[in-house]
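Sequence lines, in order, name chains W and D.
1 is the number of the first residue of the first sequence in the working numbering; add one for each residue after it.
417 is the number of the first residue of the second sequence in the working numbering; add one for each residue after it.
Sample of chain D residues facing chain W (criterion: CB under 8 Å; computed from the structure):
#, residue
1, 632
2, 660
3, 663
4, 771
5, 775
6, 781
7, 787
8, 794
9, 810
10, 819
11, 831
Lysine to aspartate or glutamate pairs mimicking DMTMM-like chemistry, simulated, CA-CA at most 20 Å apart:
#, chain 1, residue 1, chain 2, residue 2
12, W, 12, D, 743
13, W, 10, D, 742
14, D, 426, W, 326
15, D, 425, W, 359
16, D, 425, W, 330
17, W, 10, D, 746
18, W, 9, D, 746
19, D, 477, D, 538
20, W, 12, D, 742
21, W, 110, W, 399
22, W, 110, D, 789
23, D, 425, W, 327
24, D, 428, W, 330
25, D, 526, W, 399
26, W, 9, D, 743
27, W, 12, D, 746
28, W, 110, D, 512
29, W, 110, D, 775
Please keep in mind that the hints were generated in silico from the structure rather than gathered at the bench.
Backbone N, C-alpha and C fix where the C-beta goes; we use that ideal spot for every residue, glycine too.
There are 2 protein chains.
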Amino acid sequence: MTTVLELGKKAKRAALDMAALSSDARDGALRRMAARLRQAKDDILAANALDIAAAKERGTKASFVERLTLSDKRVEDMARGLEMVADLPDPIGRADRMWTRPNGLRILQKRVPLGVVGIIFESRPNVTADAAAICVKSGNACILRGGSEAIRSNCAIMDALEAGARDAGLPDGAVSLVRDPSRDAATALMRLTGYLDVLIPRGGAGLIRAVLENARVPVIETGTGNCHVYVDEHCHDLDMAYTVCYNAKLRRVSVCNAMETLLVHRAAAPAFLPEMLERFRKAGVEIRGCARTKALCPWVRDASEEDWATEYNDYILAVRIVDSLDEAIDHINTYGTRHSEAILTGDVRSAQRFLDRVDAAAVYVNAPTSFTDGGEFGFGAEIGISNQKLHARGPMGPEHLTTIKYEILGQGQTRP
Amino acid sequence: MTTVLELGKKAKRAALDMAALSSDARDGALRRMAARLRQAKDDILAANALDIAAAKERGTKASFVERLTLSDKRVEDMARGLEMVADLPDPIGRADRMWTRPNGLRILQKRVPLGVVGIIFESRPNVTADAAAICVKSGNACILRGGSEAIRSNCAIMDALEAGARDAGLPDGAVSLVRDPSRDAATALMRLTGYLDVLIPRGGAGLIRAVLENARVPVIETGTGNCHVYVDEHCHDLDMAYTVCYNAKLRRVSVCNAMETLLVHRAAAPAFLPEMLERFRKAGVEIRGCARTKALCPWVRDASEEDWATEYNDYILAVRIVDSLDEAIDHINTYGTRHSEAILTGDVRSAQRFLDRVDAAAVYVNAPTSFTDGGEFGFGAEIGISNQKLHARGPMGPEHLTTIKYEILGQGQTRP
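Pulled out of the complex, with its shape left as it was, chain W reads as follows (with noise of 0.2 Å):
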């Protein structure tokens, strides 16, 4: 078995080449992976077979293989998410800016991949596609580790996609999985200093942990959100309130996106939380309330200090009265992930405060905080949504993996 260090020195020298090739060729090697994908369709799924087996055996709970699990329309998914991923506009080659000194010197500031990218990631076997398809389309080399419990299908599926890369001409080593499922070989990618060029987690608070406590490489973290909605002082569209908080925690209770905590202010409560709770509580939503929220709504259980900092992706839902714009500002501010947050308002003052004030990747008015998602900002794909300040914020498309390159033209300048 290949080892990662040889794994990261292939994907090095790859990712000068991938650098220097053409956009047509860049996307004609995507639509080739996607048939090798459906070419080997039998192959992936007897791979996941296997794998699906073993977690039964090891017990594994049934909502975590429902997630390891692949099949016909899956695989297809797959094929056709890399057709997509090369369907969309080029994200390097591009000129940011271009200025000239005064002393004739001409600055080019230019779009170029990242260099190697290393991804590690949980459970779901199709997050070996979708992350190939970015970094290719990027002009990155990509080296991804799955989890152990899916090794079978994803070895199976980098297989095609190896094929398909091989067929379209990229570089030996232009997208790589590490094949080796133990936690040494993790740490291996972790630690692989003068190769990766960024480590993007994409998984539980367990895994993101580990790669801040154990990487030596630039990572960019990603995942937790602990979203609030406000519902303000000067909120008079209770039907939109209703139907925007109802989004926003149960669109999907899982994701990162979904509201924890909704905040009320006290002069709105009276009106709008006793109906809007009772939606809640009707869709089997657990309502944890602070003393002022339990006058209101004597069934709702107590909240703790704990429960603001909670992210819950559940159908549980904390809720706080608070006496001022600038008091849902602060617990925002205290207790918040600085992931997505919202404020319902009719007031514009309200609102320029909430935005000017909030420390968040993504600060919404009058909309719910489902909306932070790759694909609802238009970036086409998402590799992930970063919840640090450092080079991207917020969801991640193939844009966010290239870096800058300064082309400076001169006629024989010296400095002084």
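Following the hints, put chain D in place on chain W, whose structure we already have.
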């Protein structure tokens, strides 16, 4: 003494207020800080004298003492530096772009401060003022940590900066210094997860290594530059080549953008190299060449494999004759540190291939690598030169201490 964790907590709170300050408020604070620096000149020089005495007692070498030494002029330069940064355009509050989604959601991508910036630096106490200036300009709170040998000078400078910040009503903790000179305090800063949005080390290879090894917060790696100039087969303007190469090596040998290896196409070598190397010899530069270089200039010393990989920062130059443009590109991509690289040529195809294929932050045609600098690029001020591809690449000015925030305006849309 305030602990590093306490500094982090204060800075994090301060950052929220800093982000909401007007440009006038930030620029006014920089001017107050400059005024306080001038007022505190005697205290600063007295503290500096103690640092110098201690350094001499430890038998520190003269060049180091020189870097540590402040004077009337150097204090005045610091104050002027603060005022100059105040005069730069505001890097935050601008929109990068705005677009409207098919569902009517309007997405504004806005420049905002990073939040809390940590900077670890060595010896030169003036960095305390320079770094604080760029952070305040860009709306960030900062925590600085200088070398232990300059601790008294840095504390005196920070006393003045803090007084100016207070005068101007900046939030408490907007600018701060780790006043504990111990290694433990530095490590605590590197592990201030949840408080530092970025840590920037400025200094020698040892410092950078220590930060990469110990940091658990996002880091922007700076510094090392093993830069090359390649004289192409089609470089016919030899006078230009002599001048540019001389400037690239000798403007200052100790800086990261200085040329460390000269590559020459074999067709250009006989006419160019003997005269060029003679000029370097006269300037006191030791030459280490490949076998073919020695054949042309028998007086040069042998270069070893190690020489290709060395950043001398000294009056030493490695020289290699190559058979082709691609061999030069391979050499650079193998031994370079992705900092600054130059080709001297009259041929447009050589220039284009070099620009496309060399992987570096700044790639020059017919100009020396010496120009890689925030001031020379027109950024007004420089916090360092990034050596990585994530977030910022090449010279970093105030605009590189910013991130984005998406502001999304809806009218009650929900996501299906």
